[in-house]
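Q: Here are the chains, one letter per residue:
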Amino acid sequence: MATPLLTRRAAIGAAAGTIVATAAHAAEPTTLLNVSYDPTRELYRDFNRAFIKAWKAKTGETIVVNQSHNGSGASARAVLDGLPADVVTLALAADIDALAKRGLLAADWQTRLPDNASPYTSTIVFLVRKGNPKQIHDWPDLLKPGVEVITPNPKTSGGARWNFLAALAWARRQPGATDASVEAYIRALFHQVPVLDTGARGATTSFAQRDLGDVLLAWENEAFLVRKEFGETDFETVLPSVSVLAEPPVAVVDSVVDKRGTRKVAEAYLQYLYTPEGQEIAARNFYRPRDPAIAAKYAKVFPTITLATIKDFGGWDKAQTAYFADGGLFDRIYVPGK
Amino acid sequence: MRLARRSVLPGFGLTLGLTLTWISLIVLLPLAALVLRPWELGISGIWHSLTEPRVLAALRLSFGAAALAAAINVPLGLLIAWVMVRYRFPGRGLADSVIDMPLALPTAVAGISLTALFAPKGWIGALLVPLGIKVAYTPLGVLVALIFVGLPFVVRMLEPVIVDLPADAEEAAATLGATRLQTLWRVVLPALGPTLLAGFGAALARGVGEYGSVIFIAGNMPMVSEIAPLLIVIRLEQLDYAGAAALGVATLVLSFVILLLINRLQRRFARS
Amino acid sequence: MTRLRRGALIALTLVMMTLLLLPLGVIFTQAFARGWGAVLEALTDPEAVDAIRLTLMVAAVSVPLNAICGTAAAWCIGRFQFPGRALLMTLIELPFSVSPVISGLVWVLLFGANGWFGPWLDHHGIRVIFALPGLILATVFVTFPFVARSLIPLMREQGAGEEEAALTLGANGWQTFLRVTLPNIRWALLYGVLLCNARAMGEFGAVAVVSGHIRGQTLTMPLYVEALFNDYDWVGAFSVAALLSLLALVTLGLRFALERRMGSSRRDIV
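Protein chains in written order, with our numbering: chain G, -6 to 331; chain V, 2 to 273; chain C, 17 to 286.
In case anyone wonders, no lab produced these hints; they're calculated from the structure. A virtual CB, placed ideally from N, CA and C, is assigned to each residue, including glycine. Fair warning: there could be bad hints in the mix.
[As the list claims (entries may be wrong)] Cβ-Cβ distance ranges computed for the label pairs, FRET-style: (1) C:THR18 - V:TRP124: 31 to 39 angstroms; (2) G:LYS123 - V:LEU266: 40 to 48 angstroms; (3) C:VAL266 - G:ARG180: 48 to 56 angstroms; (4) C:LEU59 - G:PRO168: 55 to 63 angstroms; (5) V:LEU129 - C:GLY189: 54 to 62 angstroms; (6) V:ARG265 - C:TRP132: 28 to 36 angstroms.
[To be verified] Lysine-lysine pairs mimicking DSS-like chemistry, simulated, CA-CA at most 25 angstroms apart: (7) G:LYS127 - V:LYS122; (8) V:LYS122 - G:LYS123; (9) G:LYS123 - G:LYS293; (10) G:LYS257 - V:LYS135; (11) G:LYS137 - G:LYS123; (12) G:LYS293 - G:LYS94; (13) G:LYS304 - G:LYS290; (14) G:LYS94 - G:LYS221; (15) G:LYS137 - V:LYS135; (16) G:LYS221 - G:LYS290; (17) V:LYS122 - G:LYS221; (18) G:LYS252 - G:LYS51.
[What the hints assert, rightly or not] Facing chain G, according to a computed beta carbon distance under 10 angstroms, are these residues of chain V, among others: (19) THR52; (20) PRO54; (21) LYS122; (22) TRP124; (23) LEU128; (24) TRP186; (25) ARG187; (26) MET222; (27) GLU227; (28) GLU238; (29) GLN239.
From just these sequences and the hints, can you work out the full model?
A: This is how it looks when you write it as structure tokens:
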């Protein structure tokens, strides 16, 4: 569903204003720009509508919230290059850290909001075809001969990095696991991958629309959405024994809100995510809510599984260097003789 | 005027000035920003970032597939252009406009629909499966996409030249007893040579940088089906601007050298 | 024998044309998977309207600019001998061999927040990247060679004889260009402009880098198609893609109507 036409008109007006854009926007309504990653489209479509209403009720002010969605890394880069995001809502903390390192927001951004500034969480699950024909129940099953695994490229996709960490988490918890055994598992896993799409949504399309592969490693919320969009009966979700607690963080971009004078509304916007209404919207869009009451209400939807956290990997800085940076574990999988 | 070999035509200074200004603003200034960017890595850093096995594999794939696609497009394009110009048949107008399809389609849409066609369950892919041929998600897919986007370049460059090709030379050759093949080889090809080369160059150059139509069908596996432009995007998303620019400059220099060689060949051809 | 060969060549060409048409077939089949209503709904969505408007705006600015400069370049390269001509020709073709990704990146390196002119622009409150100017610049860069490219081979082929005759007869430079050169090159010029326009409306890679992907504001039609794909809205995505191909087909149709009306001036060999 589209936002009401009136708001849209205003948005067009704002767009026209930016043609030779100046910072002066006197009579126009306040606008917020939320720069986010791909799988949150449906979530923020609902959430923005609710927030605009709540803000109007509270202050009498009508605001417009604009959305920009892209891969998490691409979004962070755009903000770095000057995309005036009032708030960023990205797939992983490393992408917001990159902004903080370059002075766009305070280094302590993650402590300014509760729960590591992640108002909702998710995890990584397996999506298999109807009846689970290849009998995939846990991580070792992915290595069975003939099983094709679909995951996006961890270099370009935030979700794929969580996939990678979830696989690592399982491998590291096996009895007698060593660095070598973990690396061997990851190497074997990626040998089952026939296609590396650049983003989570591309991988989903390959799996669901093009019938590629036997199992999709996906965000839990994406797995729910696929079953909703592509037919509840065509796919089944499989919960592995171990996965990772994916915490997509949110933050106000200090340098932008201070310049545009939007700090108050931007902060209220993010805080609204933590209210029961915000949490309810998150849960309805298949993100695991933080609020205990809402979580209890949706307990049936979100079963408990053993979850590793990013701290188990020494934080994002360490994980990035060890696994995803040039020459990291992921690169070594593909380069012969290393 | 002083630069130009004596000519009675006016407007040399004006048009050259305009061209140079426009090129400087629109092409050279931005490219200068690109070329100056990688130096923060230092010479050894640049060398290191360009000689990684993945980078070399991607460059090999991008240039190899683009050259092969261009080489396939030259005879295909010549055939199509020849038929379009020399023959009259029902539906010719329609067919002639179809040639522009690959240019008219946004590259991303072309990529998505080509993938849909060649995927194992696609219209064409399903026919190829029994033959054991896999196109989508393999280097062959890259080739198919590049043939698709490059073809109109060759055809459209050839058509006006074939139109202007004097038919009497061919007729004379035929009258003198030359066979069709001899006429083609001795009379037609030399006249079209420079344009064929130019078409090859254009298709090649376009293919090397092509992104939108390729990433969907390629599969993007490192070392196998990962093209150079995708590596540039990957580096950008890791905020490695210098590394991305270095790879960009490298592909650019390679293409530039190839284009320059082709232009030189073309002139030699035209002179002889 | 001749007739047989002729038939075979035509048949082969038609087969290839059909292959070129298949992607279009996919687009339309998918777009109309749920009938006309769904297509109309997708195309009248306010966000779709914004994308169409933006795309037309970008093309309306960048195509005329490139048409004028491309013709100028063709005049000096196609009609004069001067040192560095081959180099200039190669420079004009350069944007073709620049990956679309780079074509967007260069503008970010110039005008992005960390680019050469970024801080100055920021200080003066001017936005280039992630706004209309950036989209236009990226498009101009990508479509720059089309017009010159389609004119130069033809102008070289034709030679300067007719112009020289006109000048000898007392015409001035502009008259010569308008009365002699332009009629001779108009089909090539029109073709160059059409290609330029098609690419301007369909460019993806370059504008993707400078767009910022703000819904309803900086999404051109190809970017909007991608956005709809990522929404799992196939019908919508293919509807907009179909419209995009239709726009291009209409321009091509125009070309043929024009050509037919002025018919005899094209020296066709039958």
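Q: Identify every previously stated hint that the structure contradicts and give their numbers, smallest first.
A: Those not satisfied are hints 2, 10, 12, 13, 14, 19, 22, 23, 24 and 25.
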